[in-house]
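Enquirer: Construct the entire structure; sequences and hints are all you get.
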Amino acid sequence: MKIFKYTIILFYCAVYSVSAQTPAELKSWLPAIEGWAISDKIEIFEPDNLFDRINGAAPLYLENNFREMTQMEYTRGDDYISIQAYRHASPEDAFGMYASERSSELKFFPIGGEAQGDNSGIFFFAGNIYVKMWSSAQENVSETMRAIATHLAGSIDATAGYPPVVNAFPKENMIPHTEAYVTANYIGHTFLNMVYTAKYKIDSETCQAFVVDAKSADGAKDILNKYFAFTKQPLDFVEGNLIIKDRYNGDIPAIWKGQYIIGVFSENGDKIAGADIILGKISEVL
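Residues -20 to -1, 1 to 266 (mature numbering (1 follows the signal peptide of the UniProt record, and there is no 0)) make up the sequence shown, in order.
Worth flagging that the hints you see were computed from the coordinates, not collected in a lab.
A hint or two may mislead.
As the list claims (entries may be wrong) - Calculated cross-link-like contacts (lysine-lysine; reagent style BS3-like; alpha-carbon spacing at most 27 Å): (1) Lys237 / Lys251; (2) Lys181 / Lys151; (3) Lys195 / Lys179; (4) Lys225 / Lys195; (5) Lys179 / Lys237; (6) Lys206 / Lys151; (7) Lys237 / Lys225; (8) Lys212 / Lys181; (9) Lys112 / Lys201; (10) Lys181 / Lys237; (11) Lys206 / Lys112; (12) Lys261 / Lys181; (13) Lys179 / Lys225; (14) Lys251 / Lys212; (15) Lys151 / Lys87; (16) Lys195 / Lys151; (17) Lys261 / Lys251; (18) Lys201 / Lys237; (19) Lys179 / Lys151; (20) Lys179 / Lys206.
Stated by the list, open to error - The calculated label-pair distances, taken between Cβ atoms and stated as ranges, are: (21) Glu119 / Ala197: 55 to 65 Å; (22) Gly230 / Ile155: 12 to 22 Å; (23) Glu247 / Asp20: 48 to 58 Å; (24) Gly230 / Phe171: 15 to 25 Å; (25) Gly220 / Ser62: 50 to 60 Å; (26) Glu123 / Glu247: 38 to 48 Å; (27) Glu247 / Ile24: 38 to 48 Å; (28) Ser8 / Asp198: 23 to 33 Å; (29) Pro39 / Glu247: 17 to 27 Å.
Quick caveat: nothing in here was measured; it's all calculated off a predicted structure.
The C-beta atom is built at its ideal place from N, Cα and C for all residues, glycine as well.
Expert: Laid out in structure tokens, this is it:
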């Protein structure tokens, strides 16, 4: 527990140092690439005009506390490499946005906190920035884009990684690259916000573990009061093991530990074998 809290402190010290990138700074961090020129043109989009550039996708970015997008470009004749750097309110939000756009069809790379891509594009998060990059070139320029991404990610946050709470999820039986962060309305409930999740497969059954970070024990109790009022269960619960009888998501075994609410549920509402093991391992770390 003390080690985990120390990790949190280090994480937020790092956040403080990377949270104020300006469009000019981001452009200055683009590396020189032989044969390519960095365009002088920079486009900047904010919450009130993000729809002008990404239209239907904008609501999800706003839900993940989007603040500003800087669009930059490399050119080589008629070819271009376009870079969109989305600044969010926090590293958790940037990670959450990245995780929401993961694709099992892409390859993963150790760039920034994590990157995924193919021959035509690459996407990564670092600090409170989520970066999307793609090229119009007919030939494969994926190595060039990865070189740009590596340099840019290191400049944004050289120690980028998953949020500390995500690292509390045990790796055993976890489905790779399913860790995520949900800012609001987790499993359809308005009182479940700031939720870290990961999917597991146990004996051919799939389930999802989650951690709600309520920031304080009183905050966690308030959330549970709302949840138990919704489920029409008695409000005389105490810290420790709980069963939440959610009529939409089935019985959810959970643990209330200080500022955290830890749970496991099946999307089919089935009983989950091994749920207590997952809960116990997460609780030991938090």
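Enquirer: Hint by hint, say whether it matches the structure.
Expert: To see whether the hints hold, each was checked on the structure:
no. : hint                        : verdict
1   : Lys237 / Lys251             : holds (22 Å)
2   : Lys181 / Lys151             : holds (11 Å)
3   : Lys195 / Lys179             : holds (23 Å)
4   : Lys225 / Lys195             : holds (24 Å)
5   : Lys179 / Lys237             : holds (21 Å)
6   : Lys206 / Lys151             : violated (31 Å)
7   : Lys237 / Lys225             : holds (19 Å)
8   : Lys212 / Lys181             : violated (30 Å)
9   : Lys112 / Lys201             : violated (39 Å)
10  : Lys181 / Lys237             : holds (25 Å)
11  : Lys206 / Lys112             : violated (38 Å)
12  : Lys261 / Lys181             : holds (16 Å)
13  : Lys179 / Lys225             : holds (20 Å)
14  : Lys251 / Lys212             : holds (20 Å)
15  : Lys151 / Lys87              : holds (20 Å)
16  : Lys195 / Lys151             : holds (25 Å)
17  : Lys261 / Lys251             : holds (19 Å)
18  : Lys201 / Lys237             : holds (10 Å)
19  : Lys179 / Lys151             : holds (10 Å)
20  : Lys179 / Lys206             : holds (25 Å)
21  : Glu119 / Ala197: 55 to 65 Å : holds (57 Å)
22  : Gly230 / Ile155: 12 to 22 Å : holds (19 Å)
23  : Glu247 / Asp20: 48 to 58 Å  : holds (49 Å)
24  : Gly230 / Phe171: 15 to 25 Å : holds (18 Å)
25  : Gly220 / Ser62: 50 to 60 Å  : holds (51 Å)
26  : Glu123 / Glu247: 38 to 48 Å : holds (39 Å)
27  : Glu247 / Ile24: 38 to 48 Å  : holds (40 Å)
28  : Ser8 / Asp198: 23 to 33 Å   : violated (44 Å)
29  : Pro39 / Glu247: 17 to 27 Å  : holds (23 Å)
The structure fails hints 6, 8, 9, 11 and 28 (numbered hints given earlier, in ascending order).
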